[in-house]
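J.: Chains as they are written, first to last, in our numbering: chain A, 1 to 186; chain B, 1001 to 1186; chain C, 2001 to 2186; chain D, 3001 to 3186.
Incorrect hints may have been included.
[Stated by the list, open to error] With a cut-off of at most 30 Å between alpha-carbon atoms, the simulated DSS-like pairs for lysine-lysine come out as follows: (1) D:Lys3137 x A:Lys165; (2) B:Lys1033 x A:Lys11; (3) B:Lys1137 x A:Lys33; (4) C:Lys2137 x D:Lys3076; (5) B:Lys1165 x A:Lys9; (6) C:Lys2165 x D:Lys3009; (7) A:Lys165 x C:Lys2165; (8) B:Lys1011 x A:Lys165; (9) C:Lys2033 x D:Lys3137; (10) B:Lys1137 x A:Lys9; (11) B:Lys1011 x B:Lys1033; (12) D:Lys3086 x B:Lys1165; (13) D:Lys3009 x C:Lys2137; (14) A:Lys33 x B:Lys1165; (15) C:Lys2033 x D:Lys3165; (16) D:Lys3137 x C:Lys2137; (17) B:Lys1033 x A:Lys86; (18) C:Lys2165 x B:Lys1137; (19) D:Lys3086 x C:Lys2033; (20) D:Lys3137 x C:Lys2009; (21) D:Lys3033 x C:Lys2009; (22) D:Lys3137 x A:Lys137; (23) A:Lys137 x C:Lys2009.
[Unchecked claim] These stretches of chain B come out as covered by chain C in the derived footprint (C-beta under 8 Å, 3 or more residues): (24) 1132-1144; (25) 1161-1175.
[To be verified] Where chain C lies over chain D, by a calculated footprint (3+ residues, C-beta under 8 Å): (26) 3018-3024; (27) 3058-3072; (28) 3084-3092; (29) 3101-3112; (30) 3149-3157.
These are calculated hints, taken from the structure and not from any lab test. Just so you know, even glycine gets a beta-carbon here, dropped at the ideal spot from N, CA and C.
Number of protein chains: 4
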Amino acid sequence: MVYPHIYRKLKRGPQVILPKDIGIILAYTGVSKESICIDAGTGSGWLAVSLARVSRHVYSYELREEFMAIAEKNRKILGLENLTLKLGNVFERIEETDADLVTLDMSNSERALGNAYGALRQGGMIAGYLPHTEQVKTFVEALNAQGFSDAHTVEVILRDFLVRKEGMRPTNMGVWHTAYLVFARK
Amino acid sequence: MVYPHIYRKLKRGPQVILPKDIGIILAYTGVSKESICIDAGTGSGWLAVSLARVSRHVYSYELREEFMAIAEKNRKILGLENLTLKLGNVFERIEETDADLVTLDMSNSERALGNAYGALRQGGMIAGYLPHTEQVKTFVEALNAQGFSDAHTVEVILRDFLVRKEGMRPTNMGVWHTAYLVFARK
Amino acid sequence: MVYPHIYRKLKRGPQVILPKDIGIILAYTGVSKESICIDAGTGSGWLAVSLARVSRHVYSYELREEFMAIAEKNRKILGLENLTLKLGNVFERIEETDADLVTLDMSNSERALGNAYGALRQGGMIAGYLPHTEQVKTFVEALNAQGFSDAHTVEVILRDFLVRKEGMRPTNMGVWHTAYLVFARK
Amino acid sequence: MVYPHIYRKLKRGPQVILPKDIGIILAYTGVSKESICIDAGTGSGWLAVSLARVSRHVYSYELREEFMAIAEKNRKILGLENLTLKLGNVFERIEETDADLVTLDMSNSERALGNAYGALRQGGMIAGYLPHTEQVKTFVEALNAQGFSDAHTVEVILRDFLVRKEGMRPTNMGVWHTAYLVFARK
């Protein structure tokens, strides 16, 4: 896989959300320069910094200090002032309110949906990143139970295509699954 | 296909660039709140308004007044002040300079690469939207001839996944091709 | 979707198994001219006739007479003498033994795995056609419980590619999901 | 990628045609127990032996003796009596006539289409295996010029799907391109 230029300078610690999924999260949540975003868990911070580049402010929660350190490096590499990295547990508490977007990438993320709902403004969007189909089911059921609407699940296959003198074709191998993306609206 | 919420209120005239491709353009070009973007041709303006929501300013060129009228409606629906719709031909002239991004979605777009190169800052990105493989080849060869670097082509398959009581599965049918996306850097 | 020539003359009643999935069943089970195959349920008989064209004999079970009538028409269209259409319930009984292949395309097909196991020779293959992920899980667990080995699940995306004067590209839309195929060995 | 059981015992020399493509060739050409098949070039013989298992006779042409030796091993492993491996050049001559199927997997295979046409019965099928899009265009144009009908191109993405206690999902990476398959009829 060829990485977009902006991501090549970033550090990679724990499994990152790839640019293909970040792009679809941007387009499908409609995040904009006015948006306040909440992100959990931070991990290496690829999604957090990507959101920070296009939104008003991002608050990103992470439980583990060693991951936060990687994300902090990435924040500095891109010179972002509007990204607040927070050591904290969204299962227990999300401090912000009236957010436009909450993104969840962590185990058992359905348990954070109550706090996410409380943190969002009416009409705000939620995006879940879920590797397994069983997680998708649990997450969608919890979304509906929590009062979210328009739950919608997609998977993104981005295939690299070689353009060379000897001929054009897709690459032979590539990443054809990372996670299902689930979107819904408060 | 389920449309993201933000796009459901927009008008559709000529063939639009779908959110799946818009998202990948956002992530792969690294557009940000600081970015100046140039877009041609406008068409219904879906890409132009999507860029305007996350960047500093977008200048979008279109040859046909009836398309511009649709794009103007979409600009107003989203209340965007930082999108300038221009009746003009990028084959002849691009007035802006030091742009961070040029996006090209039109026939023979390779003929605009000279003007696009002139309009971009060093390190600025270009994104081409090209339905056919032959166009991809012509475009990539012209990119290289013009002095762009890192040309990279992808295709995006976004598959909707149903989560229902009767079971989970991808939808049976869907859009599995719109266009190849070609990215490069000045 | 463009149908292969051989299938264009066949009748379609209930949902058929498409040639893309039939092809993968042929290759992944390794059916040959020596093979004895058992198929349930028959439906329109597309899989049954496809198997009969390349194997020694096919016994195909169906519960509903109106489906059997369609399959019988398809059997005659192709002039197949080695396909026996049987009105019967594989949940209750499979009469044949020492079969090389059992294919299952019906609701709750995991309940037929005991009889399928009994009908197969040692080393014989089983193929399940399952639209939903939950069915896949149930089926694979039942396969393992029954003593089958090497359970392996795939999905097949066959994308049509247009080659025309105006340019080459995949078709815009198409069938990107029918069912998951699960294979295992006795 | 998990290989079907039947292929696991075969030798691999030069790049083989994978079972996913073999399966689609079987289904889309409608090869049957009555069919006479011509195959070129043999390579490791995976397609040749797969065809031989389900058809009357296969004649497979190869230019290089070291490849023929691998194919001969595979023929013996499967105990096939109805596969004739021939050292020969199909650009110059195909000795058989009234064949039901010709499969072509080699550089410049369009140059063999005249001889392939001569070798096929009326209504016989041809299948080309072509890695690059430019080859597809050349091949399809040559098919039409030669008088073949119904030219149709597909690509096959077979995605492995994991079913495990920790959850179900597609594998992360895999083979998402081997070659385009082109089918046509005399």
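J.: If a hint holds in the structure, say so; if it doesn't, say that too.
T.: To see whether the hints hold, each was checked on the structure:
no.	hint	in the structure
1	D:Lys3137 x A:Lys165	holds, 15 Å
2	B:Lys1033 x A:Lys11	holds, 22 Å
3	B:Lys1137 x A:Lys33	violated, 35 Å
4	C:Lys2137 x D:Lys3076	violated, 38 Å
5	B:Lys1165 x A:Lys9	violated, 44 Å
6	C:Lys2165 x D:Lys3009	violated, 44 Å
7	A:Lys165 x C:Lys2165	holds, 21 Å
8	B:Lys1011 x A:Lys165	violated, 41 Å
9	C:Lys2033 x D:Lys3137	violated, 35 Å
10	B:Lys1137 x A:Lys9	holds, 29 Å
11	B:Lys1011 x B:Lys1033	holds, 25 Å
12	D:Lys3086 x B:Lys1165	violated, 57 Å
13	D:Lys3009 x C:Lys2137	holds, 29 Å
14	A:Lys33 x B:Lys1165	violated, 38 Å
15	C:Lys2033 x D:Lys3165	violated, 38 Å
16	D:Lys3137 x C:Lys2137	violated, 42 Å
17	B:Lys1033 x A:Lys86	holds, 23 Å
18	C:Lys2165 x B:Lys1137	holds, 15 Å
19	D:Lys3086 x C:Lys2033	holds, 23 Å
20	D:Lys3137 x C:Lys2009	holds, 29 Å
21	D:Lys3033 x C:Lys2009	holds, 19 Å
22	D:Lys3137 x A:Lys137	violated, 44 Å
23	A:Lys137 x C:Lys2009	violated, 41 Å
24	1132-1144	holds (count 4)
25	1161-1175	holds (count 10)
26	3018-3024	holds (count 5)
27	3058-3072	violated (count 0)
28	3084-3092	violated (count 0)
29	3101-3112	violated (count 0)
30	3149-3157	holds (count 8)
Hint check: violations occur at hints 3, 4, 5, 6, 8, 9, 12, 14, 15, 16, 22, 23, 27, 28, 29; the rest are consistent with the structure.
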